[in-house]
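A.B. asks: Hints in hand, dock the two standalone chains.
One line per chain: the protein sequences are D and W, in this order.
Every letter in the first sequence is one number past the one before it in the UniProt record's numbering, and letter 16, counting from 1, is 16.
Every letter in the second sequence is one number past the one before it in the UniProt record's numbering, and letter 16, counting from 1, is 16.
Since the hints were made in silico from the structure, they are not lab data.
All the pointers check out, no bait thrown in.
Partial chain D-side listing against chain W, Cβ under 8 angstroms, derived:
1. MET1
2. TYR2
3. LEU5
4. THR10
5. LYS40
6. CYS41
7. HIS44
Here are the computed distance ranges between Cβ atoms for each label pair:
8. D:GLN20 / W:MET1: 54 to 62 angstroms
9. D:THR24 / W:ARG99: 26 to 34 angstroms
10. W:ILE144 / D:ASP58: 40 to 48 angstroms
11. W:GLU129 / D:GLY8: 26 to 34 angstroms
12. W:ALA38 / D:GLY8: 19 to 27 angstroms
13. W:MET52 / D:LYS40: 17 to 25 angstroms
14. D:ASN31 / W:GLU60: 43 to 51 angstroms
15. D:ASP19 / W:GLN118: 48 to 56 angstroms
16. W:MET1 / D:LYS12: 50 to 58 angstroms
17. D:ALA55 / W:ALA84: 21 to 29 angstroms
18. W:GLU60 / D:ARG23: 46 to 54 angstroms
Computed from a predicted structure; not experimentally measured.
For every residue, glycine included, the Cβ atom is placed at its ideal position computed from N, Cα and C.
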Amino acid sequence: MYVCLCEGVTDKEIEKAVDQGARTMRDLRRNLCVGSQCGKCTCHARDVLHEALQARPDVIEVPIRDASIPMDAEVIYS
Amino acid sequence: MRGNTVVIAALNKVLTRKLTAINQYFLHARMFKNWGFATLNSKIYKASIEEMKHADDVIERILLLDGLPNLQELGKLYIGEEPAEMLKLDDKLQTEDIRHIRDAISVCETEHDFVSRQMLAKILEQQEEHQDWLDTQRSLIETIGVENYLQQQL
Numbered sequence: 001m002y003v004c005l006c007e008g009v010t011d012k013e014i015e016k017a018v019d020q021g022a023r024t025m026r027d028l029r030r031n032l033c034v035g036s037q038c039g040k041c042t043c044h045a046r047d048v049l050h051e052a053l054q055a056r057p058d059v060i061e062v063p064i065r066d067a068s069i070p071m072d073a074e075v076i077y078s
Numbered sequence: 001m002r003g004n005t006v007v008i009a010a011l012n013k014v015l016t017r018k019l020t021a022i023n024q025y026f027l028h029a030r031m032f033k034n035w036g037f038a039t040l041n042s043k044i045y046k047a048s049i050e051e052m053k054h055a056d057d058v059i060e061r062i063l064l065l066d067g068l069p070n071l072q073e074l075g076k077l078y079i080g081e082e083p084a085e086m087l088k089l090d091d092k093l094q095t096e097d098i099r100h101i102r103d104a105i106s107v108c109e110t111e112h113d114f115v116s117r118q119m120l121a122k123i124l125e126q127q128e129e130h131q132d133w134l135d136t137q138r139s140l141i142e143t144i145g146v147e148n149y150l151q152q153q154l
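Chain W extracted, bound-state conformation (with noise of 0.2 angstroms):
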């Protein structure tokens, strides 16, 4: 099916965006593994694996649309030197794929492609859920410390 190219250049945008958070989860979630933190490594470890099941949909959505998906492109990775700034950067990302997500759903609102639409509109409700979950630690975190909070997730 011949698809709109601005949706095309839309949906790619996003799957940079993906790309680049499968990594940086990946990463994070195995530093965490690495002092000793399962928890947090499962909860990451699962959020990057998340991440890649959203970029293989749209893939499998740029395709459909006979459109080339870029994944040569790789935004800049995050990575913290400490479990609370990791959290805080995983944070910072997720906050902007959420506005980018949002920008693309405009786009494809605007050049009526429902279906793509429908598609990121999934995704953006797992991504907000995601984020919830990072800013519910934060707020952990400030409440009961650092130290005890790592305690918790060991």
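Just chain D, with the same shape it has in the complex (with noise of 0.2 angstroms):
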């Protein structure tokens, strides 16, 4: 599916980019623009980072966020 509207990014791309070595959500803007412009995705495209992540055996500790706390720029794009 499309996680990212404005920049037509899909769940595969972001899947693919996390093979190619995105480790961020500072990496997927840089690489694949998500969330840039409206910023609508950023928590789908921030789940589908992490889910991505745990699925690979070299990734040992992925940062979980409390949905109950707002979500800052500056950690999201550290």
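C.D. replies: What follows is the structure, encoded as structure tokens:
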């Protein structure tokens, strides 16, 4: 499915980017422009990124976001 | 007529869901059309128009209650890449919508706004019908396979 409609980025493209070395939302934004326009997809893109990272044997720990705390743009793109 | 702010807020939430659904269904319908699935196009297009009529009812009700309908807010669209996925995502949206309408109905009930409640109940009935249709499509895809299913949708 399309995660980011503004830039037409699908979940498969994000998974492929992770295979090619993307590890953070900043990587995704740089490579695929995910969430760079309206930003509505940021939460969804983050979930897809985390799932893809957790499926990798070489990624030891994935930071888990507490849904009750509003997201801080500085943290997402750090 | 001065309306209850809690009810107006609940109606605005429903309105946001409606405005989101209009767009998701409309894009899905035209994607089906582009791929030549005329039957799916016409069904989903009608669902989008239905959502628009619901939005209209909610907007008019909010205005009658002296509130300001928020047409600026729009939720995230769940757009699929292939027909079966698109129907699945529509089903997901529809399920969420039904949950939100039920919540809004309980708010109206608590606040004794029985006219808003009646309007939402009417909307809910049509939502459930569309969800039933979506469930049927999903079970058809499971039973006869996606290729056979899509052959019927030309």
